[in-house]
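Visitor: Protein chains in written order, with the working numbering: chain A, 1 to 320; chain B, 1001 to 1685.
These are computed hints drawn from the structure, not numbers from a lab.
Note that the structure is a prediction, hence the values are computed from the model and not measured.
A couple of the hints might just be wrong.
Unchecked claim - Over the 12 Å line for every Cβ pair with chain B, so calculated as not near, a few chain A residues:
no.	residue
1	Tyr75
2	Val84
3	Ala190
4	Gln242
5	Arg277
6	Asp295
Said to hold, decoys possible - Interface residues of chain B toward chain A, partial, derived using beta-carbon atoms under 10 Å:
no.	residue
7	Phe1029
8	Phe1034
9	Arg1041
10	Pro1677
All residues carry an ideal CB built from backbone N, CA and C; glycine is no exception.
Residue strings, one per chain:
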Amino acid sequence: MKLVARRVGCAATRSTHDKGGITAVSNREYLDPIFLNKLANMELIARCAVEGFFSGLHPSPFQGFSVEYSDHREYHPGDEVKFVDWKVFARTDRLCIKRFRQETNTTVYILLDISKSMSFASGPTRKIDYACYLAAALSYLMLKQGDSTGLMLFAQKVISQVPPASRRTHLHAILQTLDRHTTAGQTNLATVLHAVAETTKRRGLVVLISDLLDDEDDIFRGLAHLKFLKHDVIVFHVMDHQELNLEYEGLIQFEDLESPDKIRTYPQSIRTGYQQRVADFLDHVKKTLGKSRIDYCLLETSEPLDRAFIAYLIKRRRLM
Amino acid sequence: MSFLGWTFLFGAVAVVGPIFAHLLSKPRFRRVPFTMVRFVRAGQHESHSRRRLRDLLVLLLRCIIITLIAVLFARPVLNVKAAPQPHKAIHYLGLDDSASMAYRDGGSTLFERMIDKAVDAVRQAPGDALFGVYGLASGRLSEGLTGSQAIAEIKRLPVVPKPARPADFIQALRQAAEAASPGDRISAVALSDFTPAVLREFERVREPAAVAELSYEILAATRSVSNAAVVEARAIGLVENKLDVDVMVANCGDVEQHRKLTMMSRDRLPVSSDVIVAPGRRRLVRMQMDLGPVAQGATPACLPVELNLEPGDGLAVDDVYRVAICIPQTATTKMLLVDRAEEAFLFETAIQALARQGPAGTLVLRKVRAERLQAEDLQWADVVVFSSLPRDFTCPTALLRSRLTRGGRLIFFATDIGNLQVSELLLREGLLAALPQKWVGGIAYPEPQPVAGRSISLGEQAAKALANYRFDKIALTGHWQCQVPTESECLWGLSGGAGFVYGRSFNSGSTILVNTSIDGSLGLLAKSGAWVAFCRFLAGESDRVRQFCFRVDERPVLNLPDAMRTPGRTAVAIETCEGGRAQAAVERGRMVLPPARGMGWTKTLDEPAIWAAVNLAEGETDMSQPEAQVVADAMTRAFVTGAGPKRTTVRAGTAVERKPIWKGFAWAAILLLLVEPAIANRLRR
């Protein structure tokens, strides 16, 4: 891991982002889904993605908050002197290190769509893989920042879930769940969102990672339900390049992944209309979610993950 | 619209090809799992229907192209009502430009007078009239001429040494009448001297020409006709190296002729003789020319002989007659006739006649009975003639073989089959050309022409004589089918497939079998006019005086001399009558000379030169004044004046003009063929 971090740090191509007051210089190659796709270990993927993102950050306002005294332990050579509790030393003449317990700032519910449509890929990266990288990286980031993080995998209904927790070791459970998933079934976002809204006791941040291939009104109703319960919601809309552009050639029989529906056509003849309809759809989603103060981030599977991180961090800062 | 070649319209059935291809074709597609099918479907309905429409459009385009091509081949024409055209007056002038028109009557020739009259006729015609000028002898036709053009064409007409052929003029008139527009008025003008030869040609007209108006004029001499001509010359024989030639002089006029006939040849002294011929009579004059020692040679020579009548008369062109005479080797031919009874007496008579024709002592005949045939007889004879196949043959066959190898001839008449064993022996020894084996009952006539043999061929004279001879059908009861060895050849076939004359060469000699079984006896053939010529062939063609003489309207055909017979030879270089060079085609052992365009000499360029004379047709010399009624009758037979019934029927009803419209179809097909790939490609997108 160190080796990877060092290599990434050396080869870092520094670029500047000015997004919501956050100035970040990140290693975008490190966030590239194609690169991440080569890493077989989900934890490694998450750490690479997040640390790659943070490796170029300037001193940020996110450091040092939410720490609470836990206990003392005996000083061992090598411990930093600044953590020595001099008051205890004055009272007991022993060198003790003051230990802190990080507090959970917020509860994050990651809702990951694992319906059959998420298995689509026109390039090397499937949408579900991209979504998993994103979920893993976000989980890592959230847990690292002390947020209580939970994961729900859903299709027509919630298939598996990891309850929110803020332990560092909780990441392992999340990653294991991500590893074990298989795409199946149709998307039924409304049901899932209503179920999530009804089962979450504490308001928090709901991160929805999906391709949103469901009835738009149902989706909006479900998200509105979450908003009604004072949840903050971020929607990561994962789309493939071909889904956005339909750049196929020749006579193609399109077979729906979630239904027996199939259609044979020359895509070149309907491409313009298709792109227009998709653009209308995305615009409608974006506007409708924007009205509900729901953050919306469209992600193409060929893009690096940093846009998602930035969106998350902006949202989180707003929460603090 | 109608079609000139409507059967090509069936080609339009080919449109079923693209239609079947369209119905049966399954487009190749790629399966792609996809998520946003509902977005695709939203635009697909429009696309699918449009694609079907586009496919149908492409199909329609291809069907149209195929149909257009079929229609194009069918050559469509548009039947439109023809615009009324002004009626034309067309005058056809049939002008006699044959040799007899060169007769000079006083200060001008008949031809010059005819030209003047023809020009007058043209000038008297209406200014908008059209003319056709036809040379009756030359066959030269010019149509659609204006007055000035017609006059120029008339003045260009020459006198040609050919007989007039008015039948061709009548034919040209009929064609012109069929091609003319309704209402056109076709009139014919015939100007000729109407000699008996011309009138004979008019009588040959089978289908008259329908003309609106006919006028003719007899161009006769104003004074008594003074014309004598040499109409024939025949070499009779060579006696003591002196060539005898019989010359026929005809008085074709009305004045008694006192003329001097001169016979000339190269390097020989001319021979003259005074001739007096009464009007309308003929006179045979025998001329004799001393050939001198030059003719005494082993190689036959060809001698061009020219006969000239002096002084000149009204028609000079027939005062000269040419004949090429082939002088044979003057060795004596000894013939032995072997017969059983007196059945060969006609052959004997024919040979005696031939012997009289030839130089004295050149043909000697001895007759012997078959049972008394001795070896000495065979040793003596050059040509041995068996009147029938021998029943017994006691002489050694080697004797006959030795005669053959030394250039002798064996002749067998297969009237009787004789003794089969003897015949088989002769066949095995190669002395018999064919062996009669099987009697066939069907009637078989000799073929019209002999077969060109590889080494032996029937002479021209014999071939002509036999071709003219008609076997009496009653006498034909059957014939012998012969076994023919591979060395032998059939020289003259029968219609049933059997042979009439078989020959087999034996070094320089030959053996010949005549299948006279076809008429049951030798008598019928022997009594015919062909007999002497045939016997001349049997005795040996080379041993007689021959002559080569053709009419100007004949195609000269000569036997190819042995010296020129080389394998693979297809042509012989010749000099034509006009002095030019040409090639005579070699066909089946004969030289076929190109048609002569004038009178004179033609000869081979290879030595020894073979000469051939080309003379005026005999009828052209007859300048007898025609009777007006005879000419009128001939004109009535040849022309139908007024509206011809056939023409009226054909041209009845509304005049319809056919306008070809296939050009438009062709351009449309080409255009569609060019744009079809682009359109198909564009629509498929």
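Visitor: Does each hint hold? Answer for all of them.
Guide: Hints and how they fare:
{"no.": "1", "hint": "Tyr75", "verdict": "holds, 59 Å"}
{"no.": "2", "hint": "Val84", "verdict": "holds, 59 Å"}
{"no.": "3", "hint": "Ala190", "verdict": "holds, 17 Å"}
{"no.": "4", "hint": "Gln242", "verdict": "violated, 8 Å"}
{"no.": "5", "hint": "Arg277", "verdict": "violated, 5 Å"}
{"no.": "6", "hint": "Asp295", "verdict": "holds, 23 Å"}
{"no.": "7", "hint": "Phe1029", "verdict": "holds, 4 Å"}
{"no.": "8", "hint": "Phe1034", "verdict": "holds, 4 Å"}
{"no.": "9", "hint": "Arg1041", "verdict": "holds, 5 Å"}
{"no.": "10", "hint": "Pro1677", "verdict": "violated, 18 Å"}
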